[in-house]
Structure formats: structure tokens, C-alpha cells
Amino acid sequence: MSPMTSLSASQRLQAFANPARFMALSARLLAPLWAVSLGLLAAGLYYALFASPPDYQQGETVRIMYVHVPAAWLAMFGYSLMAAASAVALIFRHPLADLCAKSAAPIGAAFTFLALVTGALWGKPMWGAWWVWDARLTSVLILFFLYLGYMALWAAIEEPARAARAAAVLALVGAINVPIVRYSVVWWNTLHQPASVFRMDGPTIAPEMLLPLALMALGFTFFFVTLLLVRMRAEILRHRVRALRLARAAAGAED
Amino acid sequence: MTRAFFALIGRDLRLAARIGGGGGMAVFFFLAVVAVVPLGVGPDLNLLARIAPGMLWVALLLSSLLTLDRLFQADYEDGSLDLLAMGRLPLEFVAAAKATGHFLTTGLPLVVAAPLLGLMLNLEVSAFPALMLAMLAGAPALSFLGVIGAALTVGIRRGGLLASLLVLPFYIPVLIFGVSAARAALFGFPDGVAGQSLALLGAVTLASLVFGPVAAAAALRANLR
Numbered sequence: 010m011s012p013m014t015s016l017s018a019s020q021r022l023q024a025f026a027n028p029a030r031f032m033a034l035s036a037r038l039l040a041p042l043w044a045v046s047l048g049l050l051a052a053g054l055y056y057a058l059f060a061s062p063p064d065y066q067q068g069e070t071v072r073i074m075y076v077h078v079p080a081a082w083l084a085m086f087g088y089s090l091m092a093a094a095s096a097v098a099l100i101f102r103h104p105l106a107d108l109c110a111k112s113a114a115p116i117g118a119a120f121t122f123l124a125l126v127t128g129a130l131w132g133k134p135m136w137g138a139w140w141v142w143d144a145r146l147t148s149v150l151i152l153f154f155l156y157l158g159y160m161a162l163w164a165a166i167e168e169p170a171r172a173a174r175a176a177a178v179l180a181l182v183g184a185i186n187v188p189i190v191r192y193s194v195v196w197w198n199t200l201h202q203p204a205s206v207f208r209m210d211g212p213t214i215a216p217e218m219l220l221p222l223a224l225m226a227l228g229f230t231f232f233f234v235t236l237l238l239v240r241m242r243a244e245i246l247r248h249r250v251r252a253l254r255l256a257r258a259a260a261g262a263e264d
Numbered sequence: 087m088t089r090a091f092f093a094l095i096g097r098d099l100r101l102a103a104r105i106g107g108g109g110g111m112a113v114f115f116f117l118a119v120v121a122v123v124p125l126g127v128g129p130d131l132n133l134l135a136r137i138a139p140g141m142l143w144v145a146l147l148l149s150s151l152l153t154l155d156r157l158f159q160a161d162y163e164d165g166s167l168d169l170l171a172m173g174r175l176p177l178e179f180v181a182a183a184k185a186t187g188h189f190l191t192t193g194l195p196l197v198v199a200a201p202l203l204g205l206m207l208n209l210e211v212s213a214f215p216a217l218m219l220a221m222l223a224g225a226p227a228l229s230f231l232g233v234i235g236a237a238l239t240v241g242i243r244r245g246g247l248l249a250s251l252l253v254l255p256f257y258i259p260v261l262i263f264g265v266s267a268a269r270a271a272l273f274g275f276p277d278g279v280a281g282q283s284l285a286l287l288g289a290v291t292l293a294s295l296v297f298g299p300v301a302a303a304a305a306l307r308a309n310l311r
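For the protein sequence lines, the chains are V and C, in the order given. The working numbering puts the first sequence at residues 10 to 264. The working numbering puts the second sequence at residues 87 to 311.
The hints are simulated quantities; they were obtained by calculation from the structure and are not laboratory data. Just so you know, even glycine gets a beta-carbon here, dropped at the ideal spot from N, CA and C. Watch out, some of these pointers could steer you wrong.
[Stated by the list, open to error] Here's a subset of chain V near chain C, in silico, CB distances under 7 angstroms, partners left out:
| # | residue |
| --- | --- |
| 1 | 51 |
| 2 | 54 |
| 3 | 151 |
| 4 | 154 |
| 5 | 155 |
| 6 | 158 |
| 7 | 161 |
| 8 | 165 |
| 9 | 174 |
| 10 | 182 |
| 11 | 200 |
Using the sequences and the hints given, assemble the complete structure.
Dropping the structure here:
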């Protein structure tokens, strides 16, 4: 029996709290993750742009959906990941948890921005307006503000440990917005389309459209995770550089 | 503990009375915003009457955001915040006392000033009771949600603007329900919409009475260690 399987689950999780171990593991994972992400995105784009039918009402403009919907899903996934990592950081003091949250924020913000922009590009031909102030769009805009505020708070506090704890509190307070975004089309009368994939009665979307949508969503998710690992590695290296600089400054001050 | 809680509120009120608690400055800012709105949108009285409830609420929000800075900054700088953190009163109650003091010294004066400034925007007198009721129901939420932003940015140089940016997303539900309650009385919305909006506004305020101090205490602990 290998040594790892004789440990409990929490012990195994703590084994990855060691940044050096995380660096080694992520270095091995990056190449396969890149391959899977780009492969899924390529397949998804092929099906989305060429091999799927146009909508009977919207025609070819429906193809924006294959970017807009997965981007919106990833925007919410990103904030949920940030909130979960912040909770782990505050409760269990896992050393990589706040790095994970800090790394996830810009990626999630970018996907939110992508969702808003592709939504506007889709809304102009469909609804006749670049932007409307209905519940879904307003709550996603608030999600974008929450991401930006989170990143601003990290940047404003100089000491990393203090910044991590304050930002974790902010992420948890803002987590209330994610269910509001999810159910905004249910609770309010909105112009935006109600849920048609993740519903209790099953998806109402055609299977020929569901396949490219699922491929793009999976591709985006793997892309998110790959970028997350790249950013976390960069954060760990940044920490090391900072520690080296501080040590050199202290040594220099003694001369 | 109750005595400590009220003593802290009393301290804030006395400080505000002697040094100036930001209430006067906040009302002045309220007046300034209300004054520039007609300069921006034009003096058409009908237009002003239509946008008056919304603009008054926006000005109330901005004025409240301005004064968040003084919730913890002065105490942080002279060390009283460390003493309070080490004292017997739990940090959650410290934050709640600060938020209550902010409401009494800044929120209430703004709410009292609102109808008078509404006259400048041609707000109909019949709308005054609904507006004041909505603002009274929402102003505590502004203080108790604002204390979160103030606690997150305590000790950051010139962190006032950052606190405002962090708190603004949480103010938006208060704004939406507050304006809905104020406008419903004016514009003949279907029966019950005003009451609904007021009830939701009250719910947001009540929730903020609990979550605000808890989150603010967690943020204070993060920043003070």
C-alpha cells in the first residue's frame, strides 16, 4: 500500500499546503491542462461556428450564445471559487487558499467583462438596445463591481497577510450576489431569457445546440483552471521575490 | 455590556457635537449635489419632478458614502481602536455602536433635510411622507452596510474612496427598493407596490443590522492583527 493512501483526506489536503509541493505538482499538470483546454475550445468553436444549426428565429446571430453563455457561467463559477477559497482561508488557514482566491479574481473579472460585452453585442440586433437595466444585467454588472473592488482591496493593502484576510472577508460578504444573479430571471420580470439549460425539468435547448455549448463551457472551465494554476505559480514566485528583497534590505541595513 | 455599548454611542455623539461629526458636511454635500442636478439636466420643472425621488436617493447614498471614512480612521490613528478591540465589548458590538452613531449623526440629518431639498427639485408635497418613510427605513442600512467598507479599509492611506467603491454594490438594493417605495406613492403604481418595496427595504435594513457588524468585526480583526 502506498504511503499516500494510508493518510486521511484532510491530511492529504494538508500535504498540498506546502508551496514547493504545489509548484512541483502544478508544473506537471500544466502541459496536459493546456492541451485539454485548447482541444476542447477548438472542438467547441468548430461545432459552434460551423457544425451547428442556425436558430429558426435569430439566424446566425445565435452563435454569440456559444461565447456569451459559457462566459457568464464562468463568471459565476469564478466568484463561487473565490468565495469558497476565502472561506477555507479564513476558517482553516490553508496557506494556498487566499492565493487561489487572489489568482481567480482577475480571470473571473475578465469572463464577466466578456459576458457583458458579448451580451451587448447580442442585445443590439435582438432587443434593439446595447444595454437595458433589467435584473439579470444589473446583477451581473454588480458582480463585475464586486470583482473590481476585491482586486482593488488586494492592491491597496501592502502587507500580504493582512490583505489576504481583509479580502477574504470582502469576498464572503459579496457572495450573496451569486444566487441573486442565478435567480434574477426567475424572481423578476426581465427581458433576458430565463434559464434553459440548468432547470429542474431538464434543458429546453435543442441537442444540436447543447453539444457545442457544453464543449465551449468545458473548454472555458479547463482554460480557467489552467490560467488559475499559472497565476498561482506566479503568486508564489512573487512571494519568494518579496521575501528575498526583504532579507536583502535587512542584511543591507546591518552593514 | 449594554452600558458599554451605549457609552460608546454616547462617546461618538459627544465627539460629533464638539468636533463636528460629519453631519453638517454631509448635509452640505447633499445640498451641493441637489443644486448641480438641475444645472446638469436643465430647469424643466416637470422633468425635475419626475426624477426628484431617484436623485434625492442617489444624493443620500453619495453623502452617506462620503462620511464612512470617519467611522474608524480617527480611532485607528490615536490607538483607541486597539483599546476597543482588547476591551470586554465584543468587536461586533463595537462595530454596531459605531454604525448606530453614524446613523444618528449623519443619516438622520440627511433624512430630515431630504424633503426640504426635494422642494428644490420640485418634488410634490404629497410625496413627502412616502419619501421620508422610505428614507427612514433605508438609512440605517446605509450606516450598517457602510461600516463594512470602513472596517475593510481602516489604516489604508486615503482609503476613503476605496471604502466607497467597496460599499457601493451593497447599497444598490437599498437604492432600488427605496426609490421604488418613494415613487410608488407619487406615480400611482398598482396598490401594494409601495408597501412591498417598503417591506423589502425593511428586510434589507434588518439583515444589515446583523450582517454588517459581524462582517465589520471580521474585517477589523483582519486589519488590526
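Each hint tested on the structure:
For the restraint placing residue 51 of chain V at the interface with chain C, the shortest Cβ-Cβ distance is roughly 37 angstroms, beyond the 7 angstroms limit, so the hint is violated. For the restraint placing residue 54 of chain V at the interface with chain C, the shortest Cβ-Cβ distance is roughly 34 angstroms, beyond the 7 angstroms limit, so the hint is violated. Interface restraint check for residue 151 of chain V: the shortest CB-CB distance to chain C comes to about 5 angstroms, inside 7 angstroms, so the restraint holds. Because the smallest distance between the Cβ of residue 154 of chain V and any Cβ of chain C comes to about 5 angstroms, under 7 angstroms, the interface hint for this residue holds.
A distance limit of 7 angstroms between C-beta atoms decides the matter here; for residue 155 of chain V the minimum to chain C is near 5 angstroms, and the interface restraint holds. With a cut of 7 angstroms, the hint placing residue 158 of chain V at the interface with chain C holds, because the nearest CB-to-CB distance is about 5 angstroms. Given hint, residue 161 of chain V at the interface with chain C, holds; its Cβ is 6 angstroms from that chain's nearest Cβ, closer than 7 angstroms. For residue 165 of chain V, the shortest C-beta to C-beta distance to chain C is roughly 5 angstroms, which falls under 7 angstroms, so the interface hint holds.
The restraint placing residue 174 of chain V at the interface with chain C holds, with a minimum CB-CB distance near 3 angstroms, inside the 7 angstroms limit. Of the supplied interface hints, the one on residue 182 of chain V holds, with its beta-carbon coming within about 5 angstroms of a beta-carbon of chain C, less than 7 angstroms. The beta carbon of residue 200 of chain V is not positioned within 7 angstroms of any beta carbon in chain C (closest approach about 17 angstroms), and the interface hint is therefore violated.
In the structure shown, a violation is registered for the earlier hints numbered 1, 2, 11, in ascending order.
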